Every structure is written in structure tokens, then in C-alpha cells.
Amino acid sequence: MFEATHLMLIASSILYAVSICALITRRNIIQVAIALEILIDAANMNFIAFSNMGLLIDPVAHAIVITSIVIGGCVETAILALAVYVYKHYRTLDVRELHRLRW
Amino acid sequence: MFTNIIDTLFIYAISIPVAGYLCKKLFKKDDIERIVTGLLTLIGIGLAFFYLYAMYRHLQGLPLMIHVEHLLEVSPPVASCLEIDFLGLFVAGTALTLSLFVALYSIQYVKEYENPTAYFTLLTLMVTGIIGAVFAGDLFTLFVFWELMSLSAYFLVAFKKHTWEAIEASFKYLVMCAAGNLTALYGISLLYGVTGTLNIAGVIYTLKNTALTPVLLLALIMIVIGFGVEGSIVPLHTWLPDAHPAAPSSISAMLSGIVIETGGYVLIRMLTYVFDPTIYHWQMIMLFLAIITMTTGNIMALRQEDVKRLLAYSSVAQMGYIYFGLSTLTGTGLAGSLFHIFNHAMGKGLAFLAVGILIALAGTRNIDELSGIGRKYKFIGVPLTIAILSLCGTPPLSGFWSELFIIIGAVEAKTTPFIIGALIMLFNVVLSIGYYMFVVFKKLIWNPYSPTVEKVTERTPVLMTISVWALALIIVIVGIYPKIVLDIVKLAVPTSERIAEYIAAILGSS
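Protein chains in written order, with this note's numbering: chain W, 1 to 103; chain E, 1001 to 1510.
It is worth saying that the hints were derived from the structure and are not from the lab.
None of these values were measured; they are calculated from a predicted model.
From the three backbone atoms N, C-alpha and C, an ideal C-beta is built for every residue, glycine too.
Incorrect hints may have been included.
[Said to hold, decoys possible] Reference excerpt, derived from the structure (chain E facing chain W, CB under 7 Å, subset only):
1) 1030
2) 1081
3) 1151
4) 1159
5) 1161
6) 1167
7) 1470
[What the hints assert, rightly or not] If you want the footprint, here are the derived chain E segments under chain W, 3+ residues with CB under 8 Å:
8) 1031-1044
9) 1172-1184
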């Protein structure tokens, strides 16, 4: 009944939900960075799952996922670089401390 | 490979760091590095503009007026390609016009920053990302260029990295926009699952014969939310009033002038081309979002003390006008939306650039402390006044025409919600006149000099003044002869025939 594709789709939607929850609730910047990484993986997994829906495996999805992993790496680099500067200015990695800008 | 326009920008984006490094090693003075990299950026964007004009002439000669550039030599439905039609060309032209003057302005503006090479490289990459995103013919190419634009924007917002404000604003911007972009990617993957292709024309063609399913609805919601973060739809706009003031003024002009408009462009493209409004019925939801966006933006702008923050909230409101024009779906309303993209880019870009000069001279962003500075520096006060008048829709200037078109479009839709919407928009325009005239104009230009302004004695920088005046001239000329821009807008408005031509241009060839 359940094929591999369906299992992967369920897994990817769980990953998506987990990462959005983590983005909202987690307070450490490193945890936020990991949540973003999980979000990228959820989308990538969806592409892979959809790529073998037909008779043949679609190579386009694989090419896309490889590019998407690289982009994910760039986003991670950006957030980690900012984490260093956040630590320099605030002496903490707690995102709750980043509330000096209001309205 | 990616058409002459994007190739040129890429080549310059690669060569600017090399040139900057060589200048740093060969010459001991920082000025040379700044001037060389700045001039290279200017030349790169200028060349790209020239190629864009060549593309414009080329498009007029084509039967369907759509140029397709294949990136992979395989059969069209799976291929990633660039497809250039007048809608993309119009937004790209706006982006290049604004960025040309921003580059000219930046040559003098980045004097106090320590790393001009990084600044100009990131600026060029951001322009490349915008142009690529508006030319993209398949959803993944769109996403890649979109991320290129966003990543450069994160770093440019954090450019003043020794201040806590820039770091905090950039962090907020990064987390919100990265989550938004990846949500959009998830939505794109769902579309891929349903249609089996990513080529926009292929997706449109497949979706035409598909009924509304929950998966497609989820894809629509995810794409609107994802691109709406960058396009500052109201519940998702909270990064904008932090990020725009924290960035250097020239970058605020780029972000407010064209980056969020690219979000608007992608939503226009997705909602009119891909998600057919007769099947998905998104009109009322977009109307609701547009009204919330413009009202929140204008009301929040009324109570700001920081002049750049005020302009940033005003950008939220102006995006609301663009979405309102989109939601009407009449020819006039959509034309007004597109024309407003141009007017907002020029007007808000000019306002940020002019205010940036004044802030650099006085060293503060507080409106009360800047009191009277526009009168002291008349060469900057006059263009600032033109920008303000255009943004609040004074008749002879360009902003008037687009706001008029949007309101006429809403009345043409002839249903009660849109007429109420038109009244709310009129109310919003009046509100915006309130804060532009009685806060920005009165305090910055009319009021007597504040003690801070009394002390300022520096002269106005030449290049920055030139770029500000050039933008002011564009606003006045387009205001008097709106036909120059409207001729292109007319060809860009998405109608059902144009969508059919769009599919035929890409899929019909095979």
C-alpha cells in the first residue's frame, strides 16, 4: 500500500513541520541554523520523492537537489557568519537578547 | 550562456574582487581601490543596460515578442531556460536604471567604509540576482537567482558590521527571508510533483487542464507566503522596517526600490500566469492582504521618529498599492501596478538617496535633529521634495499616474469589495500625504535649523548630487510624458492572450 515515495513524502512533511516549530521555539542561534538546514532537506527530499513517481526516474530533480544543497550551504554560511558577529556584540547566542530594535 | 545582460554582470562581479585586490596591493591609498571598483560596477551596469536596450529592439522584431534562451540542450518541457518577455524586460529595466544611479552614488558614499571591494561585488551580484529572477523561465532558475539576490542583500544589510543595529537587522532579515524562500521551494517541489516539470510554460499548460486539488492549493499558499516575505505582505513584513534603516543608504534605496518589487513581480507572475484566478479564486484574499498591507504601512509610518524607518514603512504601504492593483485583475489595474513598480523604484530610491546624503552630512537619523537641513542644502532639498511629491501622488509627477490607474482599475472591476477597496486606497493616499507633507517636508525642509544642523558646514558631494538630480529628472519627465513608460507597460500587462503566446513561444517550438 505505502510505497517508498509516499513514505518519503510523509517524512518530508514531518521534517518541514519540525523545522518550522524549531524556528519558532528554539532560542539558540545555532539551533536556528540547524532548523534552516532541516527546512532545506525537507524541500530536497520532496524533489527526490517526486522524481520517481513515473516509470522513469527524472534526472532533473537530482540536478536540482545538488544545486539546492549548495545554496543551502551558502545560507548556512551566512547565518553562522552572522552568529559570530552577534556573539561579538551581545556576548550571547540567545535570540531573545536581539530585541533592541522595536517598532 | 545566460543572455548578454546577465553574462556581463557575472563577468564584472567576478572581475571586481580581482581588480580591488590588485589595487589594494599595488597602491597604498584606499581611494584608488574604491574608485576603480566603483567605476567597474558602473561600467558593468551600464553595459548591461545597453544590452537590455538591444534586447528590447530584438524583442520588437520577434513574432510573439518573447525571447527564449535554453540553458540545456534537451527537449523544452524539462529544460531550464530563460524567457524574456516585456513583463520581465520592464522590471529589469527599472532595476538597471535605479542601480546605475546607485552605483554612481556609491562611489562617493562608501568613502568611510573599510571594504569597498566587497560592497561593489555584492551590489553587482544583487543586481545580477534581480535580473536573473525576472528573466527566469523555470521555477528552479527563479529560485537560484532569487537566493543570489537575497544572500547579497543579507550581507549588504550587515555591511556596517561594527554596529549592533546592522547585525541584529540582518539576522532578523536572514532568518525570516531564508525560511520564506525555502517555504517557496517546498511549494515549488509540490508543483513539480503535480505537473512533472518546472518550466513555467509547462506548468501553466498542465495546470490548465487540472482541477483544484488540496496539494495545488497548498503549493499556492506556500509560494505566496514564501515570496511574500521578501515582497513584504503585512503579517510577514516585520524584517523590513529594521533592515532598511540599518543598511547603508544606497543599499536602502536598492532594497526598498527594487528588491521588494521583485517580490511583487514574482507574485504578479505566479498569480496571473501560473495560478489561473478563475480556478483558484485568490482575488479576495489578495484584496484583503493588500488593504491590510497599505493601511498598516501608512499608520505605522505616521509615528516614526527615524526618517529612514518612516520611508521603510511607507514602502510597505506602497507595496500594498501594487498588490491592490494586482488583485483587481483589470487591464488598467495591472498596468497601474506595473507602472507603480517603476514609480516606486524611482521615487523611493531617490528619497532614500537624498535622505542618505543629509544623514551623512548631519550624522543623525532623527527627524527633529535633522530639522531644516533640506533648506540649508537646497541642491538636495529640491530633489527630495520632488520624490515626496511623486510618492504621495501630486498630479504632474509620475506617482500620480500609477495611483490613478490603480484606483480606476478597482472601479472598473465593478464589484462592491473593490469599490470599498478603492475608497480605502484613497484614504491611504491622503494619510500618506499627511506624513510626507507634515512630517518629512515640514520638518526636514520647512522648519528652522536645529542646533545639529547649524553646526554642519561640509559641502555637498558632487557625484551623489548628480545621481539624485538625474533620478529627479526622470520622475519629472515620466510625469509629464507618461507615454514613454506606458508604451512598454501596455505590452507587459498579463492578459489571457499574452499567456497563450507565452506558452506557444516555449512549447510551440518543439
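Status of each hint after checking the structure:
1. 1030: Cβ of residue 1030 of chain E sits 23 Å from chain W, so the hint is violated.
2. 1081: violated (12 Å)
3. 1151: Status holds, d = 6 Å.
4. 1159: violated (11 Å)
5. 1161: Holds: closest Cβ of chain W sits about 6 Å from residue 1161 of chain E, inside 7 Å.
6. 1167: holds (5 Å)
7. 1470: Violated. Min distance 33 Å.
8. 1031-1044: violated (count 0)
9. 1172-1184: holds (count 7)
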